[in-house]
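Q: Sequence:
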Amino acid sequence: MHPDLEALIQAYDAALEAPPQEADRHRDEFERQLQDVLSRTPGLSEDSLRNVIRLAHRRWLASQQKPPTLPPKA
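Per the numbering used here: the sequence shown ends with 74, consecutive numbering throughout.
Simulated from the structure, these hints should not be mistaken for laboratory data.
For glycine and all other residues, C-beta sits at the position ideal for the given N, C-alpha and C.
Ranges between beta-carbon positions, derived for each pair:
#, residue 1, residue 2, range
1, Q64, G43, 24 to 34 Å
2, A18, R59, 14 to 24 Å
3, P68, Q35, 36 to 46 Å
4, R27, R58, 16 to 26 Å
5, T41, P67, 26 to 36 Å
6, D4, A62, 12 to 22 Å
7, P67, L44, 31 to 41 Å
8, A14, G43, 20 to 30 Å
9, P67, P42, 37 to 47 Å
10, A18, S63, 18 to 28 Å
11, D24, R58, 20 to 30 Å
12, K66, A7, 19 to 29 Å
13, E6, P67, 14 to 24 Å
14, D28, P72, 43 to 53 Å
Please model the entire structure based on the sequences and the hints provided.
A: In structure tokens, the structure reads:
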């Protein structure tokens, strides 16, 4: 995974999971990183990047979960 995308996913996750007293700070950090990537990537729209981040975040969350274990044989 590209390091910029991974950093955006982690910032997005932090913004979603932050307690209310820290939510604004995490959202601001995510937006700052998002704008930084957009400024370095001409031709990439903000909507497209946000869609990619949401999709990649769902996949990242799924990869973080432990796989279900098989039940023991009887």
